[in-house]
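Novice: Chains as they are written, first to last, in my numbering: chain C, 1 to 67; chain A, 101 to 167; chain V, 201 to 267; chain L, 301 to 367; chain E, 401 to 467; chain P, 501 to 567.
Just so you know, not all the hints are guaranteed correct.
As the list claims (entries may be wrong) - Straight line, CA to CA, 16 Å or less: simulated EDC-like cross-link-like pairs of lysine to aspartate or glutamate:
#1 Lys231/V to Glu123/A
#2 Lys535/P to Glu346/L
#3 Lys535/P to Glu523/P
#4 Lys35/C to Glu446/E
#5 Lys235/V to Glu223/V
#6 Lys431/E to Asp48/C
#7 Lys131/A to Glu216/V
#8 Lys131/A to Glu220/V
#9 Lys335/L to Glu567/P
#10 Lys335/L to Glu323/L
#11 Lys231/V to Glu167/A
#12 Lys35/C to Glu23/C
#13 Lys35/C to Glu467/E
#14 Lys135/A to Glu146/A
#15 Lys435/E to Glu446/E
#16 Lys235/V to Glu146/A
#17 Lys31/C to Asp448/E
By construction, these hints were calculated from the structure, which means they are not laboratory data. All values derive from a computational prediction rather than experimental measurement.
Protein chains: 6
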Amino acid sequence: MPYVNIKVTREGVTAEQKSELIEGVTALLQKVLNKNPATTVVVIDEIDTDNWGIAGEQVTLRRNRGE
Amino acid sequence: MPYVNIKVTREGVTAEQKSELIEGVTALLQKVLNKNPATTVVVIDEIDTDNWGIAGEQVTLRRNRGE
Amino acid sequence: MPYVNIKVTREGVTAEQKSELIEGVTALLQKVLNKNPATTVVVIDEIDTDNWGIAGEQVTLRRNRGE
Amino acid sequence: MPYVNIKVTREGVTAEQKSELIEGVTALLQKVLNKNPATTVVVIDEIDTDNWGIAGEQVTLRRNRGE
Amino acid sequence: MPYVNIKVTREGVTAEQKSELIEGVTALLQKVLNKNPATTVVVIDEIDTDNWGIAGEQVTLRRNRGE
Amino acid sequence: MPYVNIKVTREGVTAEQKSELIEGVTALLQKVLNKNPATTVVVIDEIDTDNWGIAGEQVTLRRNRGE
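Same shape as in the complex, but just chain C (with noise of 0.2 Å):
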C-alpha cells in the first residue's frame, strides 16, 4: 500500500530507466518492510530545470556552466 513519490529534473529520463526505478522502489519496499507489491503505487514527476531550484538559483544557469 506505500506510495512514493520521486521528483527529477527533466533530462531525458528513458522509459526504461522510469521502468527500473518502479521496479527498484517497489522491491526495495517489500524487501525493507514487507509490503505487498501488488498495491505499492510509484508517480515519477519530472521537473524543468528552469522549475527546479538548488542553492538558491535554477538548475538551468548550473547546466549552463556544465555543472
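Guided by the hints, dock chains A, V, L, E and P onto chain C, whose structure is given.
Specialist: Just chains A, V, L, E and P now, kept in the frame of chain C:
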C-alpha cells in the same frame, strides 16, 4: 481551506470531468467537515502512464496487455 | 489507481468523518472517471493550525479571533 | 535541507520570475530558520487552469469571466 | 538532486528500517540515473491507519479484520 | 491562489518562525507574480530527523556528529 490533490493517469480526462471532480470533492468537504467551499483548493495532476507504477511495473505495460 | 491527498487543519476530525471522506472520494472517482475503487488510494493529512497559513497569517490567529 | 514546493497556475510565468521565487524562498529560509542555502531545494509546479479548482469551479471559468 | 517522498502506514517502522529505505532509494537513483547521492533528499511520511484509505475504506478496518 | 508546501526538519521551529515563513512566502508571491494574498495557502510540514535523508543517511546521524 482544505487542499486536495488528485493524481490520475493522463488518459483523456476531459475538462468537463475535471470540473465534476472539483465540484464533487468541494461538496464532499462541505458535507462531511462543514468546510467553506470558497477557500477549498483542488489540484488535479495527470501523470503519463510511463511515469505511474503499480505492482512494480509501468501502467503503460498493463494498458498494452489490455488491462 | 488514483491517488488522492486531502489536507485539512487538525481540529478534531473524527475517525467516522475520515471514513466518509475516503468513501466519498473513492466513489466520486468511480462515478466520474470509472476508476476501480480497489486500487484507489486516499491519504488524509491533518495539519496543526500553527502550520497552515492563509492570507499571510496562521489559521491559529484566525481561530483566536473567532473566524 | 528544506524542501519547498510552489504550485501556481500555468499562466505565463517567466524564467526570470521563477528565478526570483527560488532566490526569495531560499533567502527566507536562511533568514528565519538559518537554513543552509546550499541544500535548500525548491520545485515549482505550473498547473493548467482546467486542473485547478477554487470555490468548487475551475480557474478557467473564472478567467473567462475576467476574474 | 532528486527528491523522493515515501508514504507508508504508521505501524512500527523502526529507525533502522527508515535508514535502509533512505540508503536504498539513494543508491537506486545513483545506479539508474547517475544522480549524485550528496544532494538526494528522501522524506518518509508515516500515516495513521485511520487516515489511509484503500478500496474506499480505512486501513484500520482492514487491520481489524486481520488483513 | 498559489499553494506552497514547506518541509523542514522538526527541530524546535517556533510559532513565531512559522508565522514569519507564512508571511514571507505570501509576500514573495505577491511581489513576483502579483498573486492575491487572500487566497495564498501555505502548509508547513515538520519532519522527524529519523524520517529525513540526505546523502543516503538520516539527518539524525548527521546531528549526532554535530553537523
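Novice: Below or equal to 16 Å on CA atoms is what counts here, so check Lys431/E against Asp48/C.
Specialist: Roughly 22 Å between the alpha carbons, so the hint for Lys431/E and Asp48/C is violated.
Novice: Measure nothing beyond the straight line between the CA atoms of Lys235/V and Glu223/V; if it is 16 Å or shorter, mark the hint as holding.
Specialist: 13 Å, holds
Novice: Straight-line Cα separation of Lys35/C and Glu23/C no greater than 16 Å?
Specialist: 13 Å, holds
Novice: Given the proposed pairing of Lys231/V with Glu123/A, does the C-alpha separation stay at or below 16 Å?
Specialist: 13 Å, holds
Novice: Is it true that the CA of Lys31/C sits at most 16 Å from the CA of Asp448/E?
Specialist: 22 Å, violated
Novice: For Lys235/V and Glu146/A, compute the direct alpha-carbon distance and say whether it is at most 16 Å.
Specialist: 14 Å, holds
Novice: Is the hinted pair Lys35/C and Glu446/E satisfied, with a Cα-Cα distance of at most 16 Å?
Specialist: 14 Å, holds
Novice: Within a Cα-Cα threshold of 16 Å, do Lys231/V and Glu167/A meet the stated pairing?
Specialist: Between Lys231/V and Glu167/A the Cα gap is close to 19 Å, so the pair fails against 16 Å, i.e. violated.
Novice: Between Lys335/L and Glu323/L, does the CA-CA distance stay at or below 16 Å?
Specialist: 13 Å, holds
Novice: Is Lys335/L within 16 Å of Glu567/P, Cα to Cα?
Specialist: 12 Å, holds
Novice: Please work out if Lys135/A and Glu146/A have their alpha carbons no farther apart than 16 Å.
Specialist: Violated - the C-alpha atoms of Glu146/A and Lys135/A are around 26 Å apart, more than 16 Å.
Novice: Lys131/A and Glu220/V were given as a pair; does the straight-line alpha-carbon distance stay at or below 16 Å?
Specialist: 10 Å, holds
Hint compliance for this structure: hints 6, 11, 14, 15, 17 are not met, and every other hint is.
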